[in-house]
Amino acid sequence: AQTVTQSQPEMSVQEAETVTLSCTYDTSESNYYLFWYKQPPSRQMILVIRQEAYKQQNATENRFSVNFQKAAKSFSLKISDSQLGDTAMYFCAFMTARDDKIIFGKGTRLHILP
Amino acid sequence: EAGVAQSPRYKIIEKRQSVAFWCNPISGHATLYWYQQILGQGPKLLIQFQNNGVVDDSQLPKDRFSAERLKGVDSTLKIQPAKLEDSAVYLCASSLETSGGTETQYFGPGTRLLVL
Numbered sequence: 001a002q003t004v005t006q007s008q009p010e011m012s013v014q015e016a017e018t019v020t021l022s023c024t025y026d027t028s029e030s031n032y033y034l035f036w037y038k039q040p041p042s043r044q045m046i047l048v049i050r051q052e053a054y055k056q057q058n059a060t061e062n063r064f065s066v067n068f069q070k071a072a073k074s075f076s077l078k079i080s081d082s083q084l085g086d087t088a089m090y091f092c093a094f095m096t097a098r099d100d101k102i103i104f105g106k107g108t109r110l111h112i113l114p
Numbered sequence: 001e002a003g004v005a006q007s008p009r010y011k012i013i014e015k016r017q018s019v020a021f022w023c024n025p026i027s028g029h030a031t032l033y034w035y036q037q038i039l040g041q042g043p044k045l046l047i048q049f050q051n052n053g054v055v056d057d058s059q060l061p062k063d064r065f066s067a068e069r070l071k072g073v074d075s076t077l078k079i080q081p082a083k084l085e086d087s088a089v090y091l092c093a094s095s096l097e098t099s100g101g102t103e104t105q106y107f108g109p110g111t112r113l114l115v116l
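From first to last, the protein sequence lines stand for chains A and B.
Read in order, the letters of the first sequence correspond to residues 1 to 114 in the numbering used here.
Read in order, the letters of the second sequence correspond to residues 1 to 116 in the numbering used here.
Please note that a few of the clues may not be correct.
Cross-link-like lysine-lysine pairs, in silico, PhoX-like; alpha carbons within 25 Å at most [as the list claims (entries may be wrong)]:
#1 A:Lys-101 - B:Lys-62
#2 B:Lys-44 - B:Lys-62
#3 A:Lys-106 - B:Lys-83
#4 B:Lys-15 - B:Lys-71
#5 B:Lys-71 - A:Lys-101
The hints are simulated quantities; they were obtained by calculation from the structure and are not laboratory data.
For clarity, every value in this text was computed on a predicted model and none was experimentally measured.
Can you make the complete structure from the sequences, with help from the hints?
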């Protein structure tokens with residue numbers, strides 16, 4: 001069975017700093033997808049970034065980038081130049097290529113401090 | 001483009017009562033998902049529809065939960081009778097079609113249920 005582990009329940013950083021959220025996963029599948037979702041206090045979940053396991057290049061979306069270490073089964077999210085609007089719960093998630101069932105981690109609550 | 005709509009946003013009921021949630025996916029999205037998000041945890045998939053057929057309901061507690069998507073558009077999720085442990089946020093999501101991760105799932109704002 002696939003599992004997703006986020007070891008940091010809560011983090012706080014000053015505005016404009018860089019922060020890294022950790023995620024590890026476990027799977028025997030070779031073809032899969034990894035995601036970071038953001039859930040602001042309004043609770044509308046939105047996709048931040050996606051990584052295909054077969055791609056070696058780390059995904060980047062503006063200030064958000066990932067460090068994908070396939071052998072270590074690690075998938076961390078780096079937020080550069082953090083902004084107050086980045087305050088939210090961040091969920092690491094996993095999906096096999098066989099189906100569309102997303103497995104979420106427990107989340108990391110991120111506070112960006114002014 | 002309108003997003004995924006859900007109603008009600010909040011619901012408080014007593015245990016053993018019944019409750020129903022409604023979801024309207026993004027227009028044209030064939031796949032619809034219901035998730036349960038208990039406080040302090042990530043969402044857990046309850047059921048997945050492709051058009052009006054069920055793709056996966058392996059984690060749906062079928063003795064008390066039911067869901068339908070009769071015309072392949074709107075969907076309702078019902079709990080009857082509710083238990084205290086059903087207190088959670090129920091999220092609806094939709095995607096264009098089932099395609100192994102290439103289609104983004106878009107989430108609604110959720111319905112927060114409190115069972116007393």
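Evaluated hints:
1. Distance restraint check for Lys-101 of chain A and Lys-62 of chain B: the Cα-Cα separation of roughly 18 Å lies within the 25 Å cut-off, and the hinted pair is therefore satisfied.
2. Proposed proximity of Lys-44 of chain B and Lys-62 of chain B is supported: the alpha carbons are some 15 Å apart, at most 25 Å.
3. For a cut-off of 25 Å, the pair hint linking Lys-106 of chain A to Lys-83 of chain B stands: about 23 Å separates their Cα positions.
4. Restraint check: the Cα-Cα separation between Lys-15 of chain B and Lys-71 of chain B comes to about 31 Å, which exceeds 25 Å; the hinted pair is violated.
5. At roughly 23 Å between alpha-carbon atoms, Lys-71 of chain B and Lys-101 of chain A fall within 25 Å of each other, so this suggested pair holds.
When the structure is compared with the earlier hints, a violation turns up for hint 4 alone.
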